[in-house]
Amino acid sequence: MQAQPTLDDLAAAIPDGALVAYPPDYSFVPMGLTRALIRRQARGLRLLAVPIGGMGIDMLIGSGCVAELEAAAVSLGEAGPAPQFTKAVLNGAIVMRDSTCPAIHSALQASEKGVPFMPLSGLIGSDILANRPEWTVIDDPLRAGNGRIVLLPAIHPDVAIFHSPFADSEGNVWIGRRRELATMAHAAKRTLVTVEEIRPGNLLADESTAGGTLPALYVEQIGVAPNGAWPIGLPGYKIPNTKHIVAYALQAKSKDGFQDYMSKHVLGEEQLMEIISS
Amino acid sequence: MTYSSEEFLICTIARLISGVGHIAVGAASPIPGSAALLQRELSGGNTRVSLIHGQANNPFSDGGRELFDCAGQGRIDVFFLGGGQIDGEANINLVGVGSYPNLKVRFPGSFGSAYMYFVVPKVILFREEHTRRVLVPKVDFISAPGTSPDDVYRPGGPQALVTNLALMSFDRQRRLFRLESVHPGHTVEEICDNTGFEFDIPENVPVTPLPDADCLSRLRSVICQEIAKTYPTFAERVFGFGSLP
Numbered sequence: 010m011q012a013q014p015t016l017d018d019l020a021a022a023i024p025d026g027a028l029v030a031y032p033p034d035y036s037f038v039p040m041g042l043t044r045a046l047i048r049r050q051a052r053g054l055r056l057l058a059v060p061i062g063g064m065g066i067d068m069l070i071g072s073g074c075v076a077e078l079e080a081a082a083v084s085l086g087e088a089g090p091a092p093q094f095t096k097a098v099l100n101g102a103i104v105m106r107d108s109t110c111p112a113i114h115s116a117l118q119a120s121e122k123g124v125p126f127m128p129l130s131g132l133i134g135s136d137i138l139a140n141r142p143e144w145t146v147i148d149d150p151l152r153a154g155n156g157r158i159v160l161l162p163a164i165h166p167d168v169a170i171f172h173s174p175f176a177d178s179e180g181n182v183w184i185g186r187r188r189e190l191a192t193m194a195h196a197a198k199r200t201l202v203t204v205e206e207i208r209p210g211n212l213l214a215d216e217s218t219a220g221g222t223l224p225a226l227y228v229e230q231i232g233v234a235p236n237g238a239w240p241i242g243l244p245g246y247k248i249p250n251t252k253h254i255v256a257y258a259l260q261a262k263s264k265d266g267f268q269d270y271m272s273k274h275v276l277g278e279e280q281l282m283e284i285i286s287s
Numbered sequence: 303m304t305y306s307s308e309e310f311l312i313c314t315i316a317r318l319i320s321g322v323g324h325i326a327v328g329a330a331s332p333i334p335g336s337a338a339l340l341q342r343e344l345s346g347g348n349t350r351v352s353l354i355h356g357q358a359n360n361p362f363s364d365g366g367r368e369l370f371d372c373a374g375q376g377r378i379d380v381f382f383l384g385g386g387q388i389d390g391e392a393n394i395n396l397v398g399v400g401s402y403p404n405l406k407v408r409f410p411g412s413f414g415s416a417y418m419y420f421v422v423p424k425v426i427l428f429r430e431e432h433t434r435r436v437l438v439p440k441v442d443f444i445s446a447p448g449t450s451p452d453d454v455y456r457p458g459g460p461q462a463l464v465t466n467l468a469l470m471s472f473d474r475q476r477r478l479f480r481l482e483s484v485h486p487g488h489t490v491e492e493i494c495d496n497t498g499f500e501f502d503i504p505e506n507v508p509v510t511p512l513p514d515a516d517c518l519s520r521l522r523s524v525i526c527q528e529i530a531k532t533y534p535t536f537a538e539r540v541f542g543f544g545s546l547p
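From first to last, the protein sequence lines stand for chains A and B.
Going letter by letter, the first sequence gives residues 10 to 287 in the working numbering.
Going letter by letter, the second sequence gives residues 303 to 547 in the working numbering.
One thing to keep in mind: the hints can contain errors.
[Claimed, not checked] Here are the simulated DSS-like cross-link-like pairs (lysine-lysine), alpha carbons at most 30 Å apart as the crow flies:
#1 B:Lys424 to B:Lys440
#2 A:Lys252 to A:Lys264
#3 A:Lys273 to A:Lys262
#4 A:Lys264 to B:Lys531
#5 A:Lys252 to A:Lys262
#6 A:Lys262 to A:Lys247
#7 A:Lys96 to A:Lys122
#8 A:Lys247 to B:Lys531
#9 A:Lys96 to B:Lys424
#10 A:Lys252 to B:Lys531
#11 A:Lys262 to B:Lys406
#12 B:Lys406 to B:Lys531
#13 B:Lys406 to B:Lys440
#14 B:Lys440 to A:Lys96
#15 A:Lys122 to A:Lys264
#16 A:Lys198 to A:Lys122
#17 A:Lys273 to A:Lys247
[As the list claims (entries may be wrong)] Beta-carbon label-pair distances, calculated as ranges:
#18 A:Gly123 to B:Gly356: 30 to 38 Å
#19 A:His165 to B:Ser523: 49 to 57 Å
#20 A:Gly220 to B:Gln527: 37 to 45 Å
#21 B:Gly356 to A:Ser272: 42 to 50 Å
#22 A:Glu143 to B:Ser363: 26 to 34 Å
#23 A:Pro209 to B:Ala358: 45 to 53 Å
#24 B:Pro486 to A:Glu206: 55 to 63 Å
#25 B:Pro451 to A:Lys122: 24 to 32 Å
#26 A:Thr15 to B:Gly346: 25 to 33 Å
#27 A:Asn211 to B:Met303: 29 to 37 Å
#28 A:Ile147 to B:Leu512: 50 to 58 Å
#29 B:Gly321 to A:Ser178: 26 to 34 Å
I should point out that these hints are in silico values taken from the structure, not numbers from a laboratory.
All of these numbers come straight from a predicted model, not from anything done at the bench.
All residues carry an ideal CB built from backbone N, CA and C; glycine is no exception.
Let's have the full structure, built from the sequences with the hints guiding it.
So, in C-alpha cells, the structure goes:
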C-alpha cells in the first residue's frame, strides 16, 4: 500500500464515468470522500446504491456529478424525500435504473462468485422487470418447482467506496456486521476506503475481530478522515446529526438553498472540521 | 379509556399478526414496528420480531442481503409494505405517478417490495392516508404485483390493508379486497367515497374494535420504551416517552 492518501487524492483516483458502488445510510457512508468528489467536480459517475441511496448520493446528483443511478430507492429516511434526486429524475437530468434491494445484492454476489448471473425469485409481473431488458426470465432449468425465474447479470463496479471506524496497520479494514461492504469490495475492481483512524496491530490475528474484517487483499487505498461519515452516523460508533440532515432536506428543495448548503459544506475538510466541531 | 390514532392503529395491526413465528419490519415503520413488538409482548415472547431499522431488535449480522435471504427461505412470516399508490388488485406503486419513465411525481423507489411481496406469506399493507389519490383503480407503476400466475413461485402476498379509515382483507383467488371493518367514527359511505377501486362490501360491516385496556397499558409501559430504541422521536410524540424528567 502507498503512503496515506488525502481525501482529495482518493477523489482524484475515482475517474469520471466510473461505476461506483455506494453504501446506504444505515451502513458506513463515505461523506468526506463524497464532498471531495464534489470539490473535484467529478462528472458522469454511474452510481450503484447498495441498495438504497441517501444524502451523499443526493448531494452528488445535485452537484452534477452523476450521469446514471441504479438503486432500489433514494430517500433521506425520516428526514423525507431526497430533493435533488427527485428533481433530477423528474427533469431527466440523470438516467434512473429502478431496481429492488435483493436484486442489487444478488447481482453483486454473482460478481463475488465470478459467475455471469444470479437467479432471483419474485420480480415477475413488476414494472421494474419490464424496464430492465438485460434481466432475463427463464423456465426453471432444473425443474425444481420454482416455475419461471429471473436471471440478473452480474454487476462489476469499477470502484467501491465507504468510510469505516478503523483499519489496522496491515491495511485490513473493520466492517463489523456491515457485510454489504464486503460484498461491494469483493465485487468491485477497486476499493477505496476512508477511516476514522488507523490502529496498530492486525485485526486478522485475533479471532474476535477477524470475522468482522475486510482483508487488505480487497483494498487498494485507505485514507484517514476523522468524522468522515458526518452528518450521517456510523452505526455502533457515531450517531447521525439528525438536525443537520433535516435542515439539508429542507434547504436542498430549492436550487439556491442547495447551492448555499454546498458552498458552506463542500469546502476543504479543514474548514468543515470547524463546522462539525462547533 | 382514551387513545391516540397511532395507538389505535398499533392495536389494530397487532390483532392481524397474532400467532405467527417471525415478524420482520422494514425501515421507517414505527407503527408496524410497535405493533410487532406489542404482539411479541402479548405472545409471551413466543413471536420473534426483527426490526431492520437501526440496531435495537435487529438480529441480522450478514449485511443488507440477510433479510431477503431469510425471507426467501421462508423464515419470515409477516412483513409490512406501503405504497404511494395501491390498486384494487393489491398492486403497489412505490416509484411514482405518471407514465414511467416520464413521471409527474417521483417517490423514493421500490425498496425490497418486488421480492418480499412474493415470498412472505402474510404481507400487511399499511398506509395511513385513505384517499382516492392513494387507493387508485390501477397503479401507474407496478413495484410489486398483488397476485401472480400459477407458473410463478409465490408463497407470499397481501393479507390485509390497514388505513386510518378501515381494515380490508384481500382474497388472492378473486383478486379483490373486502371491507372487514370501519374504524370508529367513520362510515361505509365514507370508505366508498374515498376508495378509487371496487371492493367487496358485506351486508354488515362491523366497527373495528377499540384498543383494549391491556394492550394500551402494555403499549404505554413496555412497548414505548422498546420502540424508543429504534424511533425516539416517534416514542416521544406518541407516548411522551423520553420527555419525562
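Tested hints:
1. B:Lys424 to B:Lys440: 22 Å, holds
2. A:Lys252 to A:Lys264: 21 Å, holds
3. A:Lys273 to A:Lys262: Given that 30 Å is the threshold and the Cα spacing comes to 16 Å, the pair holds.
4. A:Lys264 to B:Lys531: Distance of about 36 Å is beyond 30 Å: violated.
5. A:Lys252 to A:Lys262: Roughly 16 Å between the alpha carbons, so the hint for Lys252 (chain A) and Lys262 (chain A) holds.
6. A:Lys262 to A:Lys247: Holds: Lys262 (chain A) and Lys247 (chain A) sit about 27 Å apart, inside 30 Å.
7. A:Lys96 to A:Lys122: 37 Å, violated
8. A:Lys247 to B:Lys531: 15 Å, holds
9. A:Lys96 to B:Lys424: 35 Å, violated
10. A:Lys252 to B:Lys531: 18 Å, holds
11. A:Lys262 to B:Lys406: Holds, because 16 Å separates the two Cα atoms, which is no more than 30 Å.
12. B:Lys406 to B:Lys531: Violated, because 37 Å separates the two Cα atoms, which is more than 30 Å.
13. B:Lys406 to B:Lys440: 16 Å, holds
14. B:Lys440 to A:Lys96: 25 Å, holds
15. A:Lys122 to A:Lys264: 43 Å, violated
16. A:Lys198 to A:Lys122: 13 Å, holds
17. A:Lys273 to A:Lys247: Holds, at about 23 Å.
18. A:Gly123 to B:Gly356: 30 to 38 Å: Distance hint for Gly123 (chain A), Gly356 (chain B) holds at roughly 34 Å.
19. A:His165 to B:Ser523: 49 to 57 Å: 52 Å, holds
20. A:Gly220 to B:Gln527: 37 to 45 Å: 31 Å, violated
21. B:Gly356 to A:Ser272: 42 to 50 Å: Once the Cβ atoms are compared, 33 Å apart, the range 42 to 50 Å for Ser272 (chain A) and Gly356 (chain B) is violated.
22. A:Glu143 to B:Ser363: 26 to 34 Å: 32 Å Cβ-Cβ, so the 26 to 34 Å window holds.
23. A:Pro209 to B:Ala358: 45 to 53 Å: 33 Å, violated
24. B:Pro486 to A:Glu206: 55 to 63 Å: 56 Å, holds
25. B:Pro451 to A:Lys122: 24 to 32 Å: 30 Å, holds
26. A:Thr15 to B:Gly346: 25 to 33 Å: Once the Cβ atoms are compared, 56 Å apart, the range 25 to 33 Å for Gly346 (chain B) and Thr15 (chain A) is violated.
27. A:Asn211 to B:Met303: 29 to 37 Å: 60 Å, violated
28. A:Ile147 to B:Leu512: 50 to 58 Å: 52 Å, holds
29. B:Gly321 to A:Ser178: 26 to 34 Å: Since Gly321 (chain B) and Ser178 (chain A) have Cβ atoms about 53 Å apart, the given range 26 to 34 Å is violated.
The structure does not agree with the numbered hints 4, 7, 9, 12, 15, 20, 21, 23, 26, 27, 29 stated previously, though it agrees with the rest.
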